[in-house]
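In the order they appear, the protein sequences are chains R and U. Residue 198 in our numbering sits at position 198 of the first sequence, and the numbers go up by one each step. Residue 50 in our numbering sits at position 50 of the second sequence, and the numbers go up by one each step.
Incorrect hints may appear among the rest.
Stated by the list, open to error - In silico SDA-like cross-links for lysine to any residue, where the CA-CA straight-line distance does not exceed 20 Å:
1) Lys-91(U) - Asp-16(U)
2) Lys-128(U) - Lys-91(U)
3) Lys-91(U) - Arg-204(R)
4) Lys-107(U) - Lys-214(R)
5) Lys-214(R) - Thr-245(U)
6) Lys-128(U) - Thr-245(U)
7) Lys-214(R) - Met-199(R)
8) Lys-9(R) - Gly-238(R)
9) Lys-107(U) - Asp-16(U)
Simulated from the structure, these hints should not be mistaken for lab results. Note that the structure is a prediction, hence the values are computed from the model and not measured.
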Amino acid sequence: MSTVDLSVKVGPLELANPVLSASGTFGYGLEFAPLTRLERFGGLVTKGLSLEPLRGNPAPRIFETRGGMLNSIGLQNIGIEAFLSDVLPGLADFPPKVVVNLFGYEREDYSTLAARVDAVEHVAAVELNVSCPNVKRGGIQFGHDPGQLEELVASVRKATSKPLIVKLSPNVTSPVALGKAARDGGADILSAINTVIGMAIDTRTRRPRLHTIKGGLSGPAIRPVAVRIVYDVAREVGLPVIGIGGAETADDVLEFMLAGASAVQIGTALFRDPMQPNRILQDLEQRLVSEGVGSVRELIGAINIE
Amino acid sequence: METATHQGPPTAGFADHRAVVVAVDHHPWPYFTVTLEVPFANGEQKFANCTPGQFVMTLAEFGLEPYLRRAFSVFDIRTDANTTQIEIFGKVIGLGTEGLARLEPGKEVPLLGPLGQGFTRSASPTVKPSALIAGGIGSAALLLWARALLEQGEAFDFYYGGYAACDLALSERFEELARASGGELICATESGHRGHHGYITEPLEQALAQGRYGALYTCGPEGLMAKVAALGSQYQVPGQAALETEMGCGYGACLGCAVAHQDGRFRLCCKDGPVFALDEVVW
Numbered sequence: 001m002s003t004v005d006l007s008v009k010v011g012p013l014e015l016a017n018p019v020l021s022a023s024g025t026f027g028y029g030l031e032f033a034p035l036t037r038l039e040r041f042g043g044l045v046t047k048g049l050s051l052e053p054l055r056g057n058p059a060p061r062i063f064e065t066r067g068g069m070l071n072s073i074g075l076q077n078i079g080i081e082a083f084l085s086d087v088l089p090g091l092a093d094f095p096p097k098v099v100v101n102l103f104g105y106e107r108e109d110y111s112t113l114a115a116r117v118d119a120v121e122h123v124a125a126v127e128l129n130v131s132c133p134n135v136k137r138g139g140i141q142f143g144h145d146p147g148q149l150e151e152l153v154a155s156v157r158k159a160t161s162k163p164l165i166v167k168l169s170p171n172v173t174s175p176v177a178l179g180k181a182a183r184d185g186g187a188d189i190l191s192a193i194n195t196v197i198g199m200a201i202d203t204r205t206r207r208p209r210l211h212t213i214k215g216g217l218s219g220p221a222i223r224p225v226a227v228r229i230v231y232d233v234a235r236e237v238g239l240p241v242i243g244i245g246g247a248e249t250a251d252d253v254l255e256f257m258l259a260g261a262s263a264v265q266i267g268t269a270l271f272r273d274p275m276q277p278n279r280i281l282q283d284l285e286q287r288l289v290s291e292g293v294g295s296v297r298e299l300i301g302a303i304n305i306e
Numbered sequence: 001m002e003t004a005t006h007q008g009p010p011t012a013g014f015a016d017h018r019a020v021v022v023a024v025d026h027h028p029w030p031y032f033t034v035t036l037e038v039p040f041a042n043g044e045q046k047f048a049n050c051t052p053g054q055f056v057m058t059l060a061e062f063g064l065e066p067y068l069r070r071a072f073s074v075f076d077i078r079t080d081a082n083t084t085q086i087e088i089f090g091k092v093i094g095l096g097t098e099g100l101a102r103l104e105p106g107k108e109v110p111l112l113g114p115l116g117q118g119f120t121r122s123a124s125p126t127v128k129p130s131a132l133i134a135g136g137i138g139s140a141a142l143l144l145w146a147r148a149l150l151e152q153g154e155a156f157d158f159y160y161g162g163y164a165a166c167d168l169a170l171s172e173r174f175e176e177l178a179r180a181s182g183g184e185l186i187c188a189t190e191s192g193h194r195g196h197h198g199y200i201t202e203p204l205e206q207a208l209a210q211g212r213y214g215a216l217y218t219c220g221p222e223g224l225m226a227k228v229a230a231l232g233s234q235y236q237v238p239g240q241a242a243l244e245t246e247m248g249c250g251y252g253a254c255l256g257c258a259v260a261h262q263d264g265r266f267r268l269c270c271k272d273g274p275v276f277a278l279d280e281v282v283w
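Please construct the entire structure, taking both the sequences and the accompanying hints into account.
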């Protein structure tokens, strides 16, 4: 089999291939690597990490809907210190680049977190979660207000020289306006999208399906929304974009890249099939070979709208 | 540093198998069993390390709905010269379970497992027998544990409760094990059509009041398990419950299956459970 070049450069972040795991979809580390073949991914993004550990929301936290799932985990996490001391060392010999996803309540929380990982060798990049819909104070105020977002990103920019990714919310009128604010604050890369706020009700009991009533919708159901936002943001902001939202096959990865994404994160699809990473990369390679595409980079933004 | 998230031991030795359906039986609808065959690989027996109370994640077909796999207790295991047969016992309550109930022999399905932490002995073997308490399809988690107790020479009574007589599906399999151990099958239905007319916890409480049991093991609706936990606390009899929650992945990645623990933190049902001590869960 002839080889194709899957490597991509996402701003300052260089990846062996354009496929990453999305935040919140594989825990923190290597426990499942033998099963999932995550080691073949170009990168993996950790579960959102905060300064202090968080216990998360009460059950029920998830509910499956057609073509996806609602979740309201509530940013349960072990905290940045436990991650750096207990988990990260195990990832040192792991081929994928490790991106730490960070969130806080106040602007200082973000800059403190970013400063904490700035000198940590195995952290390849920082992704800011400014758009979690599931906690009252999960940084969402920053992700929905361009002025606040720009100030937040600027303060994080001062705290770290690592490649800086800002994860955009789909739950706003103009993701592009937020993307521009992140760019003006000093972001290197945008990732889009976080989950779409949704809700489901058990009609027999008349109770909401989630403890928190509303939650974040993920999975293939949201993919067209994500592709649209990636397309808009990639064209109008001028920063490299990482596509997220319901991608589960090589074809989905290509769709995001044609819309303008330089890389793609796989999320919910990992839950039902931990072997999916393997298949995506295999299929992606075959697809490029069969189409005579030498480098996956040729496809970034190559949508034909003539 | 205090961690709010319990980091339990990772589930060891599980894998995603391609299993072949060899039989689907209805007992009757909506109750069904599916027998899945997993061939040995390079002479290595699959599910050899599976313990009673562990579970698998499976799905009839990867489509848009159902999208995620469903969790099922490993109901029974049989091993012959070169295959392992995993039997799951389910009740059709939605599209995921219906898909499995409609499977036909020969079809291949993904089978992730064995997952989670199973039953362990709550009390050292004593002169007192144990009580196993099942509510409806919760019985699926208890067959292997009943057999394990029998094989270790320990007597137990099997309490089986449900709304109607048909909800006590496969009761003969539990009765056979209970009798072989020196115990008996005790039934209750809310409709009154079989056994005690009322809740299964009512005859259980009578027996506990007489000091009959040394340990309680239960699986069923949360209300039933909560009542068993309350009775265990009242009569100072330890025990365990196999919990059921919505699960996204089954292996600790999605953090969706939170169980409230008495220590104020959450556990993951899939990884830290599904079997928990009765007195560690906030019911």
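Hints, verified against the model:
Our distance criterion of 20 Å between C-alpha atoms is broken by Lys-91(U) and Asp-16(U), whose separation comes to about 23 Å. The straight-line distance between the Cα atoms of Lys-128(U) and Lys-91(U) is roughly 33 Å, outside the 20 Å bound, and the hint therefore fails. The straight-line distance between the Cα atoms of Lys-91(U) and Arg-204(R) is roughly 18 Å, inside the 20 Å bound, and the hint therefore holds. Distance restraint check for Lys-107(U) and Lys-214(R): the Cα-Cα separation of roughly 38 Å exceeds the 20 Å cut-off, and the hinted pair is therefore not satisfied.
Among the hinted pairs, Lys-214(R) with Thr-245(U) is consistent with the structure: their alpha-carbon atoms are about 18 Å apart, no more than 20 Å. As the CA atoms of Lys-128(U) and Thr-245(U) are separated by approximately 32 Å, the hinted pair breaks the 20 Å bound. The suggested pairing of Lys-214(R) with Met-199(R) holds, with an alpha-carbon distance near 5 Å, which does not exceed 20 Å. At roughly 15 Å between alpha-carbon atoms, Lys-9(R) and Gly-238(R) fall within 20 Å of each other, so this suggested pair holds.
With a C-alpha separation of about 16 Å, the suggested pair Lys-107(U) and Asp-16(U) falls inside the 20 Å cut-off, and the hint holds.
In the structure shown, a violation is registered for the earlier hints numbered 1, 2, 4, 6, in ascending order.
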